[in-house]
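Turn these sequences into a full structure, and let the hints steer you where they fit.
For the protein sequence lines, the chains are A and L, in the order given. In terms of this note's numbering, the first sequence is residues 413 to 689. In terms of this note's numbering, the second sequence is residues 25 to 264.
None of these hints come from the bench; they were simulated from the model. Quick reminder that beta carbons are idealized off the backbone N, C-alpha and C, glycines included. Among the hints, erroneous ones may be present.
Within a straight-line C-alpha distance of at most 35 Å, the following computed DSBU-like cross-link-like pairs (lysine-lysine) qualify [said to hold, decoys possible]: (1) A:Lys515 <-> A:Lys557; (2) A:Lys414 <-> L:Lys231; (3) L:Lys157 <-> A:Lys424.
Cβ-Cβ distance ranges computed for the label pairs, FRET-style [what the hints assert, rightly or not]: (4) L:Arg156 <-> A:Asn647: 29 to 37 Å; (5) A:Arg451 <-> L:Val119: 31 to 39 Å; (6) A:Ser598 <-> L:Asp114: 27 to 35 Å; (7) L:Leu90 <-> A:Tyr434: 48 to 56 Å.
What follows is the residue order along each chain.
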Amino acid sequence: MKPSELIDLEIKLLMEGVFQVYGYDFRDYAEASLRRRLRQWLSGSGFETLSLAQSQLLRDPALFNNLLRGITVNVSEMFRDPAFFKALREQVVPYLKTYPFVKIWHAGCASGEEAYSMAILLQEEGLKGRFRIYATDIDGEVIRKAQEGIYPLQELQRFTRNYQLAGGSCSFSDYYTARYDRAILSPALRDNLVFATHNLAVDADFGEMNLILCRNVMIYFNPVLKNRVLGLFHNSLAPGGFLCLGSKESLEHRQIATLYDEIQPRTQIYRKKYGTA
Amino acid sequence: MGQRSSKTNPPQSPLVRGDAVKPPLKRGGLEGFVSKNGVVPVSRSVRSFKAVVIGVSTGGVAALKLLLPALPADFPVPVLIVTHITPTADDGLAVLLDTFSTIRVKEADEEELLVAGTVYLAPANYHLLVERKGCLSLSIDPPVNFARPSVDVLFESAAEVYGPELIGIILTGAGNDGSKGLLMIKERGGVTIVQDPADAEMDSMPKRALALLSPEYLVSLKELPVLLMELVAPQSGKII
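As structure tokens, then:
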């Protein structure tokens, strides 16, 4: 067996063990990124191989948590892909404004940057007090980070530029307070945000949403898991609700594709058709 | 680990850049490897290739505008390219290069199945990776070598999948992205090519690669298409 095949086998065995012991299911994650992340974790772990690490990983929850962080941590930025947030503002918000109350699920929110971006956008569009964003992630630790809403100050320049490109109508500095090398987002933004852990690979659907935001999360999943997650979203979305994917993600070739219309080509914003259950 | 080449480090080329009629370049330990029809042995083994991966940064647009139009539409393997572009760029570069070239050029999509005769450019702000079943995947993992897409990420994932059936190329660029990945391609038995620093618009990426390994080929941009065609020519059992 070639060394690279051996590593693949070790990954498979470990992920099976992790699922059975801890209930986290990475068996349907896309292999290339998972392999890269595991290799990276391994190089800093002190273990020589995944097989050697496995014995301890399955017995030591603290060590497993460390691994979990290594293989799930997602980084984002505020108003990532400004063109997307602009499309959201101009083409989706007008529909949302017609509802008395708007429920949004942000699946895979990582440390919260895009959830806060969404809150800022809706507030600026006059929906203050009329929306709630349920922001979920697989990892409880990043959820705690997201709740704090504290980001490195050096990031804020990029966030500000993104915000402006996304059609922001205020001064972005109104939304945070800078202190030392960090920026704290305005606590008022959190009023309409609910952070919770949720595992897309094993947990159930999530109430009737008007909009679901899940960007650059499913790129880490294989087609089987992608279809499961899209099914979850479909069941959680009200008729006429919006599904927003990452700029390189698409419903094309997916089972549920016929149940949605893309609001405009290449926006990756889809609207669930009426009468599709 | 794969066996290290016994070849010596390439000599620093004494050539000045931009000279149209310069003599043949010196190659790393392979002086005079170019015969009339292009290529002489790297190793006495039958080689066949499944993909070409290219890493390029500063000076990349000009380099690719030279390279890609020189490749035929029926180029027998897929070509995957990471070039460092601004995070908010759209697929404009792929579209532009496509209009210049007979070979098909497009921005890579996730889960896209790799086909021969196609050049895939990593999308802005995403890493590009190869999956074992011969399709592409994308990630938003943190930048590597300050870059997303990163050449190292592409090269390492491709080396895992293709092993010796891979050709890795480092072209002009600032920084050091790609050298580790190129080393991994070499360690897994793939063929490595570096643009001669003297021929590169920015020489640090080629130089950093040369500091880490001695590639099979050190070529100018002009020589590269011919070399590639020779390497991937679909003659079975060819000894190169």
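Hint check results:
no.: 1; hint: A:Lys515 <-> A:Lys557; result: 22 Å, holds
no.: 2; hint: A:Lys414 <-> L:Lys231; result: 31 Å, holds
no.: 3; hint: L:Lys157 <-> A:Lys424; result: 16 Å, holds
no.: 4; hint: L:Arg156 <-> A:Asn647: 29 to 37 Å; result: 32 Å, holds
no.: 5; hint: A:Arg451 <-> L:Val119: 31 to 39 Å; result: 35 Å, holds
no.: 6; hint: A:Ser598 <-> L:Asp114: 27 to 35 Å; result: 32 Å, holds
no.: 7; hint: L:Leu90 <-> A:Tyr434: 48 to 56 Å; result: 52 Å, holds
Comparing the model with each numbered hint stated earlier shows that all of them hold.
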